Amino acid sequence: MEARLRDIREGIDHGRFPAYVFNDQEIFDLEQEKLFGQAWTFLAHESEIPKPGDYVTRYIGNNNLIVARDEHGEIHANLNMCRHRGNMMCKSEMGNASHFRCSYHGWVYKNSGELIGVPYLAEGYEGKLKRKDWGLVKARIDTYEGLVFGTFNEDASSLEDYLGGFQFYLDLYLKQGPNGSEVHGPPDHWITETDWKIAAENFAGDGYHTPVAHQFGFNLGYFPSSGATHSQGWAASIPGKGHGIGLGHTPGFTPFAGFPDALTAEIKKSLTPDQVEVFSNTRTAVGTVFPNLSFLMQPFSLIPGETGVRFVTMRLYHPIGPGKCEMYSWCLVPKDASDEYKEAAYQAYTLTFAQAGTFEQDDLENWARLTRMAKSSAAKGIEFPYLMGMETERDEDFRGPGHVVKPYVNDSNFRNLWGRWADYLLGEA
Amino acid sequence: MTALSTVDRAIQEDIKEFIAREALAVDERRFRDWLDFLAEDITYDVPLRVVREGLAEWELSPTGRIFQDNKQTLEVRVRRLETDFAWAEQPPSRTRHYVTNVLIDDSEKTGEYEVTSYCLIYRSRGDSIEPNFVSVFRKDLVRRVGDSYQIARRWAAIDQAIINAHNLSIFI
Numbered sequence: 451m452e453a454r455l456r457d458i459r460e461g462i463d464h465g466r467f468p469a470y471v472f473n474d475q476e477i478f479d480l481e482q483e484k485l486f487g488q489a490w491t492f493l494a495h496e497s498e499i500p501k502p503g504d505y506v507t508r509y510i511g512n513n514n515l516i517v518a519r520d521e522h523g524e525i526h527a528n529l530n531m532c533r534h535r536g537n538m539m540c541k542s543e544m545g546n547a548s549h550f551r552c553s554y555h556g557w558v559y560k561n562s563g564e565l566i567g568v569p570y571l572a573e574g575y576e577g578k579l580k581r582k583d584w585g586l587v588k589a590r591i592d593t594y595e596g597l598v599f600g601t602f603n604e605d606a607s608s609l610e611d612y613l614g615g616f617q618f619y620l621d622l623y624l625k626q627g628p629n630g631s632e633v634h635g636p637p638d639h640w641i642t643e644t645d646w647k648i649a650a651e652n653f654a655g656d657g658y659h660t661p662v663a664h665q666f667g668f669n670l671g672y673f674p675s676s677g678a679t680h681s682q683g684w685a686a687s688i689p690g691k692g693h694g695i696g697l698g699h700t701p702g703f704t705p706f707a708g709f710p711d712a713l714t715a716e717i718k719k720s721l722t723p724d725q726v727e728v729f730s731n732t733r734t735a736v737g738t739v740f741p742n743l744s745f746l747m748q749p750f751s752l753i754p755g756e757t758g759v760r761f762v763t764m765r766l767y768h769p770i771g772p773g774k775c776e777m778y779s780w781c782l783v784p785k786d787a788s789d790e791y792k793e794a795a796y797q798a799y800t801l802t803f804a805q806a807g808t809f810e811q812d813d814l815e816n817w818a819r820l821t822r823m824a825k826s827s828a829a830k831g832i833e834f835p836y837l838m839g840m841e842t843e844r845d846e847d848f849r850g851p852g853h854v855v856k857p858y859v860n861d862s863n864f865r866n867l868w869g870r871w872a873d874y875l876l877g878e879a
Numbered sequence: 002m003t004a005l006s007t008v009d010r011a012i013q014e015d016i017k018e019f020i021a022r023e024a025l026a027v028d029e030r031r032f033r034d035w036l037d038f039l040a041e042d043i044t045y046d047v048p049l050r051v052v053r054e055g056l057a058e059w060e061l062s063p064t065g066r067i068f069q070d071n072k073q074t075l076e077v078r079v080r081r082l083e084t085d086f087a088w089a090e091q092p093p094s095r096t097r098h099y100v101t102n103v104l105i106d107d108s109e110k111t112g113e114y115e116v117t118s119y120c121l122i123y124r125s126r127g128d129s130i131e132p133n134f135v136s137v138f139r140k141d142l143v144r145r146v147g148d149s150y151q152i153a154r155r156w157a158a159i160d161q162a163i164i165n166a167h168n169l170s171i172f173i
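Order-wise, the sequence lines are chains A and B. When the first sequence is numbered by my numbering, its final residue is 879 and no position is left out of the sequence of numbers. When the second sequence is numbered by my numbering, its final residue is 173 and no position is left out of the sequence of numbers.
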């Protein structure tokens, strides 16, 4: 396996990547251990659990966790598994609770994970069991602008180091005014026969698929760009970190189009001058935080020809098997925006990228078929070309960090993404 | 709600037939015809279902929606299906809407009826031997228009919290 991974790693640098890894049990198992067991994984947005006692249940790899805000306002992520016999503690996706009580033998934990109640403690355990030794298994957590990440890896570097400068680009989605962003309602989530890597790659800036996969958008005339100009813009990635973003531009685009003017003023104040310079003419911003958290911002008109409204979707591709993942999809809205704008942005999101969304539908159809083909025996020996922009030099005039190249249609982000993926699998990340 | 409806039996029969013909239009992919079953001011909502404890205030999200459409956006969805590029429906899904337990009651407004129904949507795609099943509870507002009816509101709650379909490129 290691020799094979070395070949894959080398191939990536030469613009080649094997097809079979998009649906393979051995790769999946290795990812669980070497990647999701080591890297930082997105858990929740802080606005999902605003009050003491609020919780959601989420995953790190195949581990289910309770992500809860304790009575002092501090966030904890604990394995959702009773330390006594391993029963799942919390069976609800979200809620508010000060304590969790196991329904098997009745052990009770605070929402911080501390064990406080053991039935028949004195009579049964004869003083052998100390409650402080048997709290829920804790994950490390760290946050950035409302995003809560977790890991079981004690040796992982800080989240700040892990993001490695990608914060510059994330701010476009997260610093939408002085109070940032919030989720609009709970996430959609659904199971799909799609390998998580396909979705992660697509959102790392696949501007190439849009004019074909989403051709209907151009055809109906309610997409604020045309196929002819679609390739314009930048692909930015953070070398050695795996993160990448595509910034699609349209000539003559109104700066920050789709935001109400008052909101645009607030956003400009929240961003740095460099960020304003980079983002003001961005039509589409589609990025992936390595490994499996993505964002998309896009102005969109509900009715062809009408003024668009800008929406942000955040999504997590939770791997549940080879070639299979659970899609989580949120709509983020600027916290300080009017309710009217939040509603409009959410409606644009549901029509385009929620599970019944017109763009989402077509992506999933393609991705599910790709996943199916990757499983075929012939796919074992097939590689895909990741050759776009191999020779492209960094755009030195661009005012954002990382390796930034033109045009928007480029494989540079994907080579970086899969290079990082291979490094993790080789234990060299 | 009383045990039996006070709505005239003949009207009830008409509404049941109307609802069945509406399902037929969708299942036969006559989407333009289907739009004619819907009022200009229709609201078409499918809330997100969240797995919650028994005492939670809600299971159906007050803000989260899978569908949140009006006549115009439904028409956009239909226009999309009429292009050659609606890949999610190429080849098209084969659907069957099994509508049962139809109950018809008077609404607050004369000529408008509260119609609840159970609807099991069977959806088959391509060569897959595994169909999608979407079981929903629908609360429609059905309005008398001339000699016929129109749906002025469709609200449908999907029973499954995590839907076993990779997308919902169909109508509920």
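None of these hints come from the bench; they were simulated from the model. All of these numbers come straight from a predicted model, not from anything done at the bench. Some hints could be false.
Here are the computed lysine to aspartate or glutamate pairs in the EDC-like style, where the Cα-Cα straight-line distance is at most 16 Å [to be verified]:
(1) 541/A <-> 54/B
(2) 17/B <-> 128/B
(3) 774/A <-> 524/A
(4) 825/A <-> 474/A
(5) 541/A <-> 60/B
(6) 501/A <-> 524/A
Cβ pair distances, simulated, as ranges [to be verified]:
(7) 30/B <-> 753/A: 19 to 25 Å
(8) 585/A <-> 17/B: 54 to 60 Å
(9) 163/B <-> 604/A: 29 to 35 Å
(10) 603/A <-> 131/B: 49 to 55 Å
Yeah, the Cβ is synthetic: ideal placement off N, Cα and C, and Gly gets one too.
Which numbered hints fail: 2, 3 and 10
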